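Protein chains: 2
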Amino acid sequence: MTEMKDKPLSRFLDELAGKQATPGGGSAAALMGAQAAALVSMVCNLTIGKPKYAEVEAELVALLRESEQLREDLTGMIKADIEVFDRLMACYALPKAGDAEKAVRNAQIQAALRVATEVPLACAGACAKAIALSRVAAEKGNLGVISDAGVAVMAAYAGLKSAALNVQINAAALKDRAFAEAKLAELDEIMRHAEDESGAVYRIVQAKL
Amino acid sequence: MTEMKDKPLSRFLDELAGKQATPGGGSAAALMGAQAAALVSMVCNLTIGKPKYAEVEAELVALLRESEQLREDLTGMIKADIEVFDRLMACYALPKAGDAEKAVRNAQIQAALRVATEVPLACAGACAKAIALSRVAAEKGNLGVISDAGVAVMAAYAGLKSAALNVQINAAALKDRAFAEAKLAELDEIMRHAEDESGAVYRIVQAKL
Numbered sequence: 001m002t003e004m005k006d007k008p009l010s011r012f013l014d015e016l017a018g019k020q021a022t023p024g025g026g027s028a029a030a031l032m033g034a035q036a037a038a039l040v041s042m043v044c045n046l047t048i049g050k051p052k053y054a055e056v057e058a059e060l061v062a063l064l065r066e067s068e069q070l071r072e073d074l075t076g077m078i079k080a081d082i083e084v085f086d087r088l089m090a091c092y093a094l095p096k097a098g099d100a101e102k103a104v105r106n107a108q109i110q111a112a113l114r115v116a117t118e119v120p121l122a123c124a125g126a127c128a129k130a131i132a133l134s135r136v137a138a139e140k141g142n143l144g145v146i147s148d149a150g151v152a153v154m155a156a157y158a159g160l161k162s163a164a165l166n167v168q169i170n171a172a173a174l175k176d177r178a179f180a181e182a183k184l185a186e187l188d189e190i191m192r193h194a195e196d197e198s199g200a201v202y203r204i205v206q207a208k209l
Numbered sequence: 001m002t003e004m005k006d007k008p009l010s011r012f013l014d015e016l017a018g019k020q021a022t023p024g025g026g027s028a029a030a031l032m033g034a035q036a037a038a039l040v041s042m043v044c045n046l047t048i049g050k051p052k053y054a055e056v057e058a059e060l061v062a063l064l065r066e067s068e069q070l071r072e073d074l075t076g077m078i079k080a081d082i083e084v085f086d087r088l089m090a091c092y093a094l095p096k097a098g099d100a101e102k103a104v105r106n107a108q109i110q111a112a113l114r115v116a117t118e119v120p121l122a123c124a125g126a127c128a129k130a131i132a133l134s135r136v137a138a139e140k141g142n143l144g145v146i147s148d149a150g151v152a153v154m155a156a157y158a159g160l161k162s163a164a165l166n167v168q169i170n171a172a173a174l175k176d177r178a179f180a181e182a183k184l185a186e187l188d189e190i191m192r193h194a195e196d197e198s199g200a201v202y203r204i205v206q207a208k209l
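These protein sequence lines are chains A and B, in that order. In terms of this note's numbering, the first sequence opens at residue 1 and continues consecutively. In terms of this note's numbering, the second sequence opens at residue 1 and continues consecutively.
One chain only, chain A, in its complex shape:
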């Protein structure tokens, strides 16, 4: 089967819009994060090597390495979200005729929900990192492509807020409340400064237009 990232953009959008539950919002969140990382890379690529920006070159070379790693991670999460959601749906479809079947089904669902909480949490963390990288791009990048740092931060913020919804849904269905509360606390920590920080980066860009 063709992996999602190898399908044409228009095909991804068709499948996103379609009657199947996957790909859904979790994959869209990862793609927004991947676009954010890609745009940070673009700002680096159009700054590095320009004599006018020689002073920040070393910093942007390091930034590019981070943004490209992050782009790879987030691109992988497009697929990870589909796998985890498909697995969860398969668990809900397990037979539940007797007590034994019910017990097996419930255990499987709970195991799948753990992964379905952790995968979007990792996406949220990666998007928060993309926000941090976009600040460097906005502060140091080539003024000719500075708006792309502004698009990067908005894409990263949207990816983060989107991934957060999936963490919250799946954590709510977990019976292991200690695990769920720990994951929600991690999410809170990731989210805490995201709104203010993404607004601040966007304003840095606007002030340079």
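It is worth saying that the hints were derived from the structure and are not from the lab. As the structure is a computational prediction, the values presented were derived from the model and not from experiment. Yeah, the Cβ is synthetic: ideal placement off N, Cα and C, and Gly gets one too. There could be a bad hint or two in this list.
[Stated by the list, open to error] Taking lysine-lysine and the DSBU-like style, the derived pairs with C-alpha atoms no more than 35 Å apart in a straight line are:
(1) K5(B) <-> K102(A)
(2) K140(B) <-> K96(A)
(3) K5(A) <-> K140(B)
(4) K19(B) <-> K140(B)
(5) K5(B) <-> K140(B)
[As the list claims (entries may be wrong)] Which chain B residues face chain A? A few, computed with CB under 10 Å, are given here:
(6) M1
(7) T2
(8) R11
(9) F12
(10) L13
(11) A28
(12) A29
(13) L31
(14) A34
(15) M42
(16) D73
(17) T75
(18) L209
Start from chain A and add chain B according to the hints.
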């Protein structure tokens, strides 16, 4: 040449990250808007036909028609942004040796800047429409996929704020200030309620999780 929408997702991300100025933030903005429209369609497709949601079926059938048209429009804008930006770059590369060449070059640049202001303005308008459609999906859609309406509104909002940056940059470079101010006024009108409205839709979704 293969149109961008027909290229694999990973290829789009590679080109977004790369040393070429296109595709850039304008195409990313259009793709975020298209993802928003696609997710509204998904919520419709997973609500229509379910007996539990029979009461809102007619409304969601109408919503789906709108979201699919909007998805088509926004998908087209991925390409439109590349074309308009490439044209603008080609104008800046025109010869400017004497006064005659300079006059031709300036006229061409100004003509390209008008289009480069109108194309992201249309994208901003389409993203604002996606925010409005995501409210209906959040209010009326199947609770099982309601988080996708939340992802839709965040994607649409990020697309809008991203497109706005491109309107602002290109309007700033226009010599025809009356035209530029008129376009910026249109953008303000589009933006006015977008922040509050997208926050409100996100909270509708969160309250239903």
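Indices of hints not satisfied (ascending) = Numbers 1, 4, 6 and 16 - these are the hints that the structure violates, sorted from lowest upward.
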